[in-house]
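> Chain by chain, the residues:
Protein chains: 2
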Amino acid sequence: MTAALQIPTSPADALVCRNCGARFPLGAQHACFECFGPLEIGYDTEALARVTRADVESGPHSIWRYAGLLPVGQDASSRVDSGTGMTPLIRADRLGEQLGFTAPLWVKDDSANPTHSFKDRVVSIAITAARELGFERIACASTGNLANSVAAHAARIGMPSIVFVPADLEPAKIVQTAVYGGTLVGIQGSYDDVNRLCSELAETDEFERTGFVNVNVRPYYAEGSKTLGYEVAEQLGWRLPGQYVAPMASGSMLTKIHKAFKELVAGGLVPQSSWRVFGAQSAGCAPIATAFAQGWDVPQPVKPTGIAKSLNIGNPADGPYALDAVRSTGGAMASVDDDEIREGIRLLARTTGVFAETAGGVTVAVLRKLVRSGQLDPSVETVVYNTGDGLKTVDAISDGARPTAVIPATLKGMREAGLL
Amino acid sequence: MTAALQIPTSPADALVCRNCGARFPLGAQHACFECFGPLEIGYDTEALARVTRADVESGPHSIWRYAGLLPVGQDASSRVDSGTGMTPLIRADRLGEQLGFTAPLWVKDDSANPTHSFKDRVVSIAITAARELGFERIACASTGNLANSVAAHAARIGMPSIVFVPADLEPAKIVQTAVYGGTLVGIQGSYDDVNRLCSELAETDEFERTGFVNVNVRPYYAEGSKTLGYEVAEQLGWRLPGQYVAPMASGSMLTKIHKAFKELVAGGLVPQSSWRVFGAQSAGCAPIATAFAQGWDVPQPVKPTGIAKSLNIGNPADGPYALDAVRSTGGAMASVDDDEIREGIRLLARTTGVFAETAGGVTVAVLRKLVRSGQLDPSVETVVYNTGDGLKTVDAISDGARPTAVIPATLKGMREAGLL
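Chains as they are written, first to last, in the numbering used here: chain A, 1 to 420; chain B, 1 to 420.
I should point out that these hints are in silico values taken from the structure, not numbers from a laboratory. Honestly, I wouldn't trust all of these hints.
You can't tell identical chains apart in this list, so a pair holds if it fits in one copy or across any two.
Claimed, not checked - Below, in silico cross-link-like pairs of lysine to aspartate or glutamate (DMTMM-like), each with a Cα-Cα straight-line distance of 20 Å or less:
no.	residue 1	residue 2
1	K412	E200
2	K412	D192
3	K412	E203
4	K369	D339
5	K412	D193
6	K369	E340
Since this is a predicted model, take the numbers as computed values, not measurements.
Construct the entire structure; sequences and hints are all you get.
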């Protein structure tokens, strides 16, 4: 008889209320029984500290190399693996030059994920968890990118899916969800309406076996964004940047990168260092950035407008935590209007070759704004997160992205257009 | 004094006429001075044979890990590196099941490249070569994906670009090229008209310092597709599949995968084995598949129609070589109509989570057709190449990819739509 293969156990050991600190056993719960606050995954810090650089480096070229720091997926056969993660960290010298950087500027390009947004990270973790928790169908409320990713992952493993989106989404995001063959429900309303409906549905008998990745599986789901922090640290040679800029919709992703950096320091995977956190929103939906400017602890809900639809969450669940991450590190937040967003997309494309969706335009435009205002220091190494792909929001810039000339296929045509 | 760092030299040693075998020194030449035949890169086979698996495995996670088998880029600092390559090889069990496979079926998903098509491979090599050859501007004739990639790579390194495309391309491909800020010229005509114009322009004084990646830099450019073969072999654990299916536009890519497999065997990097090559075209532009069916050695030019625009080359330069690769291995070719292409896109998406552009729909639909006709053996391990992203051709399937229902954000709305 041979010894059974030793499968490492999860470092997660509880669900912890982010509000009152109450602890609950790991499961499909997402709100605190004591105070109704949101729950997040708690870890055995000793288990986290046992993870070494060598463990990570010997793993697959995907988010699953960090399984020792994640709540699920320690057993490789349990993973819903779409090859997500280890997206390029691009040295953006030409962008840095235009913005007056003297320190290195980097773009973490998550449009390289399978469905071309960072949502593949959270969905890989959420569906892996949902399957372990016994759910038989997968669902989400989405501003578009999450819909694409949930439908694709479900198709890959043959699990039924039902995805809820605002009916007025960008056409590419509708098509990219519908093509996978799951159920796609367009809602006549905003994302916040969609989200409310999904919270109600999660309580119905009919949806008892349905895991909503960002409702009742949210504590697991949110942890996927930590890999955006781990990867940057590893790609920089196991150290942290001094500043990072991330877009904010619910505010979750920005806070999870901060959490990842803290874990890496605590576990000795990177040297102790300080970093500042910067948050980006669009002027059409800036509840968190407004709260930052006003000195509020909690954002006031707004009715979203504008072209950055993937960021259009008017009532951001993680707003207070994002505010805390930014304020506690001496960072800042800003918002930019639709014209600045378009200019941000073009600036990034023309200097790096990265074609970002509107959310990426928001982030680059906010980067520029914060450098100009002196709030972000161009002499400190900085990472900018591009979270989605320009092909998903082509309509937002198609007016300004036309051919230089349209001509007959002749040298004469070239000459008459001034091209020869 | 320390020893200078040893930079490996290129294994390429000549330009060789594919028609008459005449040899010329490496340079910007692309047609034979003797017979006007097309040139390709010739290698020092002993230099190729010195490359080991360990050399490759210790390299970067990109096409540049195969620099020892490529004509340029041996010196890492010379590379135009966009992080292209090492795209996922996805085990497609659910697709295989639907098609009756008893052997493993794999999808090599090149939509994961930076600009989401396999063209990033050939462009990385071509621009690296163009810079070494002294060109100061980069250009191409394109059916869309090449335009995206050339404009993006040029933007990244700050090199001027001028890109020529048929004016009736898919809107997403126009936007994705224009956003990078180079010159984009829409031509009133077919790709073959565009290509002819570029050949003329390459001979003008005004374009003397312009490298057309697929005209006067073509011998280098074409070699980039070999990495599609190398990667599959390495990802299978250093062995070759028994069958592969690739789409055909000019026919070049299919032949270069075959060339890569032969090199790997000759160099001892994989065990000797046999493989069969299969080629896919759309019914709207099937000059090579027609030549195969008719027993011709050379395709007759056609006027392209149909939704698979990235494959719409009516006068395919590498058609004879593609025919030879398929016939000499006992493979086959087939073509499929627009409805079959759309069904191919949906079938791939619903079983693997991979959203392919129309060219990928062609390949999957041809795979199905060849299995049904008995020409492709479902008991032999098979790799299917998806060369581009569905987000580039959303219009082709948007009619059949709509929400299941559009409803108000209420439980009543869910009930009335039969979803609760």
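> Against each hint, give a clear statement of whether it holds in the structure.
Now for the hints, and whether the structure bears them out:
1. In this assembly of identical chains, the alpha carbons of K412 and E200 lie at most 20 Å apart only when taken from different copies (12 Å versus 65 Å within one copy).
2. Proximity of K412 to D192 under the C-alpha cut-off of 20 Å is restricted to the inter-copy arrangement: shortest distance 18 Å between copies versus 56 Å within a copy.
3. Proximity of K412 and E203 under a CA criterion of 20 Å is satisfied inter-copy only: 15 Å between copies versus 69 Å inside one chain copy.
4. Taking CA atoms no more than 20 Å apart as the test, K369 paired with D339 passes inside one copy only; the shortest distance there is 13 Å, against 49 Å between copies.
5. Taking the shortest alpha-carbon separations for K412 and D193, only the inter-copy value of 14 Å comes in at or below 20 Å, while the best intra-copy value is 57 Å.
6. With identical chains, the CA atoms of K369 and E340 are at most 20 Å apart within one copy only, with a shortest distance of 10 Å there and 49 Å across copies.
Checked against the numbered hints above, the structure violates none of them.
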